[in-house]
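For the protein sequence lines, the chains are A and B, in the order given. Following the working numbering, the numbering of the first sequence begins with -11 at its first residue and continues without gaps. Following the working numbering, the numbering of the second sequence begins with 563 at its first residue and continues without gaps.
If you are wondering where the hints come from, they were derived from the structure by calculation, not from laboratory data. Be careful, since some hints might not be right.
As the list claims (entries may be wrong) - With a Cα cut of at most 20 Å, we get these calculated SDA-like pairs of lysine to any residue:
#  : chain 1 : residue 1 : chain 2 : residue 2
1  : B       : Lys621    : A       : Ala5
2  : B       : Lys567    : A       : Leu91
3  : B       : Lys567    : A       : Asp85
4  : B       : Lys603    : B       : Thr584
5  : B       : Lys567    : A       : Arg103
6  : B       : Lys567    : A       : Ser160
7  : B       : Lys567    : B       : Arg579
8  : B       : Lys586    : B       : Arg600
9  : B       : Lys567    : A       : Gln101
10 : B       : Lys567    : B       : Leu594
11 : A       : Lys153    : A       : Ser76
12 : B       : Lys621    : A       : Thr128
13 : A       : Lys153    : B       : Gln577
14 : B       : Lys567    : A       : Phe88
15 : B       : Lys621    : A       : Phe143
16 : B       : Lys586    : A       : Asn163
17 : B       : Lys603    : A       : Phe88
18 : B       : Lys567    : A       : Ala87
19 : B       : Lys621    : A       : Gln116
20 : B       : Lys603    : A       : Arg175
21 : B       : Lys603    : B       : Glu575
22 : B       : Lys567    : A       : Arg96
23 : B       : Lys621    : A       : Gln16
24 : B       : Lys621    : A       : Ile(-1)
Residue-level listing of the chains:
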Amino acid sequence: MGSETTTPPTIDDAFLAGLRSDMLRFAQLQLRDAAAAEDAVQEALVGALSNAKGFAGRSEVKTWVFTILRNKIVDHIRLQSRTTNVSSLSPEEASLDEAFDTLFQDNRHWTSQSRPRDWGSPEAALRQQDFWHVFEACLTHLPDNTARVFMMREFLEFETPEVCKELGITVSNCNVILHRARNALRRCLERGWFAAGEPAC
Amino acid sequence: MLRCKEVTHLLSEAQDRELSITEKLPLRMHLLICQGCRNFKQQMTFLRGACRSYTSERKDTEK
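Chain A on its own, in the form it takes in the complex:
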């Protein structure tokens, strides 16, 4: 790690430790590989802090460090995508698709039990740390390839055509995977967090 003389005064050890644990969680969610996540975080921190000059405050440091971390994660995903076939359907993914099919009647309308519920004002959940625990658990439950595509789109904020290009899959395949991820997540959140709402009629 950098010596104390190079770190701005707002970056004390407690802040660094917290930041590091936020980064690790973020990297782990996307890479699903503890060692790779650890490496990405370490590289990002060292890279960011060795160039740290005159940050106005902690939030600026955090934004900067996460920008670098995103790049490290993308690098890793690019490497990974050369050796994994993202479009292949795992048994977990097939079973998510089967579960999705059971939500509908023969006429392709929702069955009465499966109709998506009204989540009320769900934004309030974003301020509750308990919600984030459920959210993380739901993301972790996604099958690897499904999660990889979803995280690239929503967390690394790639446009969909870029995701396809990076991972070497077709746009329609990408759409199928994103739909699978979103549906799995909304069902998981509905069960784990919003279950109190009444089914819509």
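With chain A's structure known, arrange chain B on it following the hints.
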């Protein structure tokens, strides 16, 4: 006529690209009469927002 199952695909894709007029109009008509799909749409919007605010809102850093 659009069915709920197709609507979920359109609503997911609407998060990734601008839908065409020929997709938008039937979708709008469907949403007018289907509370379940309106809820699905709200949930898609919420998911996008949650992912976008993850790094700023999820913290055990500050305390």
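Hint check results:
| no. | hint | result |
| --- | --- | --- |
| 1 | B:Lys621 with A:Ala5 | holds (12 Å) |
| 2 | B:Lys567 with A:Leu91 | holds (9 Å) |
| 3 | B:Lys567 with A:Asp85 | holds (12 Å) |
| 4 | B:Lys603 with B:Thr584 | holds (18 Å) |
| 5 | B:Lys567 with A:Arg103 | holds (11 Å) |
| 6 | B:Lys567 with A:Ser160 | holds (16 Å) |
| 7 | B:Lys567 with B:Arg579 | holds (19 Å) |
| 8 | B:Lys586 with B:Arg600 | holds (14 Å) |
| 9 | B:Lys567 with A:Gln101 | holds (15 Å) |
| 10 | B:Lys567 with B:Leu594 | holds (16 Å) |
| 11 | A:Lys153 with A:Ser76 | holds (16 Å) |
| 12 | B:Lys621 with A:Thr128 | holds (18 Å) |
| 13 | A:Lys153 with B:Gln577 | holds (18 Å) |
| 14 | B:Lys567 with A:Phe88 | holds (9 Å) |
| 15 | B:Lys621 with A:Phe143 | holds (16 Å) |
| 16 | B:Lys586 with A:Asn163 | holds (17 Å) |
| 17 | B:Lys603 with A:Phe88 | holds (16 Å) |
| 18 | B:Lys567 with A:Ala87 | holds (13 Å) |
| 19 | B:Lys621 with A:Gln116 | holds (10 Å) |
| 20 | B:Lys603 with A:Arg175 | holds (13 Å) |
| 21 | B:Lys603 with B:Glu575 | holds (11 Å) |
| 22 | B:Lys567 with A:Arg96 | holds (5 Å) |
| 23 | B:Lys621 with A:Gln16 | holds (15 Å) |
| 24 | B:Lys621 with A:Ile(-1) | holds (17 Å) |
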